[in-house]
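Taken in order, these protein sequences are the chains called R and C. Each residue of the first sequence is one higher than the one before, counting from 61 in this note's numbering. Each residue of the second sequence is one higher than the one before, counting from 17 in this note's numbering.
Everything labelled a hint here was simulated from the structure, so no lab data went into it.
No farther apart than 25 angstroms at their CA atoms in a straight line, the calculated lysine to any residue pairs in the SDA-like style are these:
| no. | chain 1 | residue 1 | chain 2 | residue 2 |
| --- | --- | --- | --- | --- |
| 1 | C | 603 | R | 62 |
| 2 | C | 320 | R | 92 |
| 3 | C | 125 | C | 293 |
| 4 | C | 96 | R | 106 |
| 5 | C | 320 | R | 101 |
| 6 | C | 223 | R | 99 |
| 7 | C | 85 | C | 255 |
| 8 | C | 223 | R | 104 |
| 9 | C | 603 | R | 70 |
| 10 | C | 223 | R | 101 |
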Amino acid sequence: MFVDQSGLRSRLFRRFGWPVSVVGAILAAAMGGSLIGMQADAPAMEIPPKPAYLPTGGPLPPFWP
Amino acid sequence: MSRHQRRRQSLLRPRRLAAPPLRFVMPLSLLACLLALLVLRGLATNEAFHDTRIATSVDKTTVPETLLKGGPIIDARGDKNEHPVSYQVPDRTVVLSFDDGPSPEWTPKILDVLAARDVHAVFFVTGAMTTRHPELIRQIVAAGHEIGVHTFTHPDLVYQSETRISWELAQTQLALAGVAGIHSALFRPPYSSDASALDDWNYPVIKYVGSRGYLTAFIDRDTDDWKRPGVDAIVEAAMPRKPGAGALVLLHDAGGDRTETLAALERIIDKLQGEGYRFATVSEALGATDANVPVHGYRLWAGKVFIWASQAAVLTLPVLVALLAVVGFLNFGRFALMLILAPLHARRSRRRDAWGAPVTEPVTVLVPAYNERECIANTLNSLASSDHPIEVIVIDDGSTDGTADIVEAMALPFVRLIRQANGGKSSALNTGIAAASYDIVVMMDGDTVFEPSTVRELVQPFGDATIGAVAGNAKVGNRDSLIGAWQHIEYVLGHNLDRRMYDMLNVIPTIPGAVGAFRKEALRRVGGMSDDTLAEDTDITMAVLCDGWRIVYAERARAWTEAPASIQQLWSQRYRWSYGSMQAMWKHRRAVTSRGPAGRFGRLGLPLVVLFGVVAPLLAPLVDMFLLYGVLFADAPITLASWGGFILLQALLSWYAFRLDGEKPLHLISLPIQQLVYRQLMYIVLLQSTITALTGGRLRWQKLRRTGEVAAPVEA
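Using the sequences plus the hints, can you model the full thing?
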């Protein structure tokens with residue numbers, strides 16, 4: 061019972077099983093990788109210097125137009 | 017084999033690495049996908065990593081006085097990190113900001129109001145909401161509004177580590193990239209208000225976020241619209257403190273009914289526009305470059321993958337939950353059936369006259385033996401003290417270890433020895449059946465020990481002429497090791513309580529090979545034992561049932577067997593059992609559509625065995641995935657509590673089963689560990705034998721190694 065003398069079923073299992081497993085592993089890795097949170101830095105944003113408050117004794121006072 | 021013979025390959029030639037077997041790789045890779053999907057779904061619904069704690073404000077000794085009194089926008093980026101500066105919204109300018117969204121119900125309506133008045137605003141969105149409603153973010157960006165980062169899971173960052181804060185920022189940027197192809201330079205911490213609320217706890221957070229390049233936007237005017245104070249109150253609270261002064265106004269587009277916010281928004285815009293105010297985004301108000309910067313390449317695609325996977329996860333979850341419900345339904349259904357039927361069975365078996373007149377005529381005991389050197393003497397000695405008249409036939413199935421010689425040397429008067437060339441267990445049994453002198457045949461294994469009363473108890477049900485076979489109560493003798501104790505629990509709960517249940521439904525699917533009795537007439541009618549399957553005991557039981565005989569369970573007919581003592585032995589035993597029972601189920605599949613007793617078994621017994629014995633265990637890994645997800649990513653206490661509840665329920669049921677069987681409950685202490693190791697082993701074995709069955713692989717009998725340690729009954 062169940063035994064497949066021709067080996068056809070086992071070949072089919074291998075033929076489809078390996079691609080499925082590899083794709084599954086890649087997907088799992090991609091999904092896992094997307095949860096690590098690698099890129100946390102904000103993009104650059106230039107602000108013309110006219111702040112409401114300037115620290116005293118700071119490095120260089122921003123340029124005041 | 018010597019080392020020289022083995023080394024066929026030159027050491028210089030690299031040896032080809034054996035590929036890991038597909039049958040393990042495939043389930044593992046699919047389970048990994050499943051767990052990843054669960055976590056992604058948990059993030060999108062803000063269930064994973066959720067933290068509801070909110071800090072209350074403390075001292076402000078470390079915050080510069082001027083920041084506290086300054087504007088709502090704080091720049092702690094780059095070289096300003098040591099000494100952050102703050103910006104006011106310019107005069108006659110209002111920045112409208114909406115937090116916590118986007119929400120599918122309210123954000124589109126708010127966008128409509130803004131579009132109708134040609135006003136730009138800022139939306140501080142959470143990563144979770146972004147992931148769940150990508151279309152809304154695209155609409156917001158397309159309408160020219162600005163997006164700010166409001167963290168992914170909306171925790172109070174005061175309680176979070178820098179790693180966690182960094183993760184919250186990164187994950188939100190990833191979602192924004194995937195949804196709209198942008199990153200944002202704007203940030204607003206959850207639970208924040210105006211700059212004067214900076215304190216010793218949240219100031220470091222602002223500085224850290226600044227060091228990662230973010231401009232933090234607090235507020236000037238808090239409308240408290242989430243408390244729904246009425247439209248008038250919201251409009252009032254949104255007005256700048258001094259006429260003509262600039263203001264950054266906080267509103268919400270998610271988190272409940274926003275009808276008041278929507279009505280107030282129209283009035284705020286109309287009123288302020290009438291006063292000559294302009295509406296701007298943060299970057300417009302500051303005259304800065306765009307806060308939303310397009311992303312390209314790897315970051316864009318990583319974001320897209322994240323969003324696609326999250327969407328898929330949200331969509332597949334109902335399927336997973338449905339499967340989980342199936343598992344739960346099957347498990348609890350089985351528990352319920354056991355709880356209803358086992359007491360009935362126990363009551364029946366207490367009645368001594370259940371089967372009519374006592375059976376006293378002698379019976380034949382068949383002992384098929386293949387290499388049972390260690391155990392056969394114990395087995396025969398235990399039969400010698402039987403209190404029921406018996407003849408014993410030992411069928412030596414071509415043993416190579418001198419088992420037959422041991423039997424011969426014992427020279428027991430009631431024992432007949434038949435030697436045959438090795439032909440398998442079913443052929444040995446058929447030989448024995450043919451040689452049996454009496455009408456009732458008891459079958460046992462060569463590694464099993466009977467109590468004096470076992471045979472008598474086992475054959476009493478034959479007083480009822482409709483009963484064709486009787487299942488005995490197999491017990492684990494070597495139960496003092498952990499693995500033995502686990503099998504002991506499994507035998508008492510899984511096999512014996514199950515068997516009581518099946519007995520009451522008259523669909524016992526398996527008479528254990530270790531202890532069972534058959535009417536010779538029933539065996540003859542079904543054509544004796546067959547070697548079609550590796551579980552000849554299940555096969556013959558099903559055949560006898562289909563032939564219309566009744567099969568009952570005699571719990572007092574105890575037989576002590578030596579359970580496999582190593583994981584490897586257990587593995588090969590269970591591999592054969594599950595493969596064999598699947599073969600037997602498949603062999604008797606036509607019973608489903610048959611008439612009469614076979615149809616009854618096919619439509620009641622077979623589905624139960626398939627559901628409880630195959631479907632439930634095959635879906636069981638799903639339960640473990642949910643457990644793992646719950647403990648690691650969602651609410652660990654609740655997950656552990658519900659798991660504990662399930663264990664407790666199982667413990668109660670096991671305790672009841674132990675009581676019915678007259679066993680000491682001592683071994684139940686290993687139940688929790690059993691649930692964490694043994695259960696998994698069992699379903700992996702089942703999965704492996706299912707794969708073998710599906711792919712048509714060949715599985716052979718494997719002889720288990722025995723030590724002969726089960727000599728006499730452990731407890732009478």
